[in-house]
Every structure is written in C-alpha cells, then in structure tokens.
Amino acid sequence: MKPAALSTLRQSHRSFAAILVLLCAVLSFVITTANAAEEHAAPPHAAVAAAHEAEHHGLPNAAPVLFHIGPLPVNNSMIITWIVALSVIVFAQIATKRIRSAAEAAHEVPSGAQNFWELLVEGLYNFLGEILGPKLIKITFWFFATIFIFILFTNWFGLIPGVGTVGMGHHDAQGFFHLDRPLLRGGNADLNMTAAMALTFFAFWIIWAVRENAHGKTGPAGVVAGGWGIIKHLFASKGSETGFMKVFLIVVFFMVGLIEVVSILFRPVSLSFRLYGNVFAGENILESMQNLVPSLGWLIPVPFYFLELLVGLVQALVFTLLTSVFTLLICTHEEEPGEKAHANH
Amino acid sequence: MSNLHVGLAGLGSAIGVGLIGARAAEATGRNPGAAGAVRNVAIIFAALAEGIIFFAIYLAK
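As given, the protein sequences belong to chains V and S, one line each in that order.
Quick note: the first sequence uses my numbering, first residue 1, plus one each step.
Quick note: the second sequence uses my numbering, first residue 346, plus one each step.
If you're looking for bench data, these hints aren't it; they were derived computationally from the structure.
Examples of chain S residues lying across from chain V (beta carbon under 8 Å, computed):
1) Asn385
2) Ile388
3) Ile389
4) Ala392
5) Glu395
6) Gly396
7) Phe399
8) Phe400
9) Ile402
10) Tyr403
Listed next, the stretches of chain V that the computed footprint assigns to chain S, with coverage defined by at least 3 CB atoms under 8 Å from CB atoms of chain S:
11) 263-275
12) 309-323
Quick reminder that beta carbons are idealized off the backbone N, C-alpha and C, glycines included.
Can you make the complete structure from the sequences, with help from the hints?
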C-alpha cells in the first residue's frame, strides 16, 4: 500500500467512530422531533392505521418503536444501525491492528482481515479518486468511504433471515399470530436514518464548499470569501461576450442560479427518499413473495434475495457517487482553463 | 386516482432507466476501454431517473 493511501487509511478508520457518533446524534434528534409531531396526530390516525393494517399484510411505513431510553424512542431500525456500526468499528480495529509503514511492511503481504479491509479501502480510494481528483479526495475520502461501507453492510445485514420475522405480536380472533413489532428491521428502511445521513452530508457539503471557494483564506475572512465564492459560483455569468449580450447573459445566468438553488435544496430530500424507498420496497417485496403461495414461502423469495443483494450494493454506490458528484460540482473552479480544455477533448 | 399517478411515474422512470441502460451497453460495446467511466455515469443518471418514482409515491394523495 502506498504511504499516502496508508495515512488516509489510518485517518479514515479513526474518523469512523466520530462520523458514526455524529450520525447517531442527528438520527436521535430527527427521530425525537418526528415522534413529537406524531404524538399530536396520533389519536385519530392510530385506529385507522390499525384497521387498515389488519386488512393487508404489508410492512408499516415507519419503523415500530420498541422501547424508550429516557425521552428517546428506540425503534428496530436503530438497533440494526447500532449493530452494524459496532461490527464495522470492531472489524476495522482488528483488521488495522498490525498496520505499519510501507518500509517495514515491504516484505510482508497482508492476509486475512487486513487484506480484505485494504482491498475495500484502497479500491474505494482509487474509485473515488478518479471522480473527485487527487486534491479533493484527501479531504473528503473518510466521509464517502464511511457512508459506502456503512450503507452497504446495513443493507446486507437486513437480508439475514430472522430480520423482520422475529419479534412481538398478538393473536387475532381466529387465533392467527400477527407480528407487530419485529426485533430487527433493515436500517435504511427507516426514513429517519436516510434523512440523517443526507443532512449530515449537507452539513459537510457546506463546510467543504466554503473551504474550497475561500481560495486559501482562513478564519472569519475565509468564511466570508467562501460564501461569496459560492454565490459567484452559482449566479455569476460564465460568458465572455460584451455589450447587450453581456447584460442578457447576466440575467440568464442569474435565473439559472435560482433553478440551481432549488435543485440543491431538493437534493437531501431525493437522496433520503431514494435510499429509503429502495430498501423499504425491497423488504416489502420479500414479505409479499413469502406470503404469495403459503406452501412455497421458502422458495419464491430466493431470486428476490439475489436481487436485493444487488440493490443493496447499487444503492450504496448510488448514494456515495451522487454525494461525491455534488461535492465535486460545488468545489470545481472555473480558473483552470488548461485543465478544462483538456477535459473537453 | 393516486394509483394512476404512481403508475405513470413508474412508466416514465422505467423508460428512462431502460434508455440509460441501453445506451450504456451500446457505449461500452463501442469503446470497451471506457467501461468504467460509462458505468459510473450510467449509475448516476439511472439513480436520478429512478428518483422520480419516489417523489410520485410520497407526494401522491
């Protein structure tokens, strides 16, 4: 492994704990506010929802709350999130225990867990490096790698048999058992989780955008310069015409900037809905296929499990790719005519 | 009525994703060396086309 990649690897695995703690904090906040809002609307809704649910056997849209820690409600998706986060942290610690500098490790080929982890992290580094470029990847790699690894393993963990089928329920009048509150549910099948990740990304997106558009200035002056740089980036005219055309282009690019701002504001919404929708729809399909023909419930979902393996990987990739492209779009400058001309041909 | 909206949105994004997939396969066939770059672009745009259906599902009344 190259020394630069090695130091990034060390930095990234130290950042794992920090980013996951941050994610959990944002998640708790979102879920607490969502729950507070729900409690106001609960009484008329609850009866209708219960009656509705008794009719068709689908997955509920929101993850059922299992218990409370103080004022914080804990639902079954959060438990999977914690399990996956803990496993990833522990595995990363074990895998990187014997990491040393390139000179010391010259005669040694890593094996086992370390080999796997290096393959994953180095593969991600090269893959994202092609998109983001050598400068930006050093600043942002820890975030995108964490988000990819976390989403991927959360999605795949949700496919293990027992997730969504073991839990608490009730017997109805005919004596059939209905599972109301499964102990586990796919981590990203909870809109709070995906919204938390999308909002965390946007907090960092703003920080990176300000820093990259400040052109080396630091402190309060850097923030002002960065903010002005972003506004110029979004609204300024990119044409080189003079006279009437120049005024016309300024108006056009201002309007384009307004559209761009709306599209930026919609990004967290579409990011979180896309991931939630895919994972939730996948879990729903698996459940429907299981109930399609009762005697063949063990066979019919099998092809769909393979589909979900693919969807889990593709959605992790999509979230990582989209967030990195969004970062690239705001952080690239027009001041590199040579590079731009090169890229165009 | 909301079912019709979601169905139309599903039709639209399915056509979009299908076109992207077809063109991505075509591009990879013409220039196998650019397979990686084509794949990335295809995934990004497939995700954007697919996003429409989720707006339709959650915004339909």
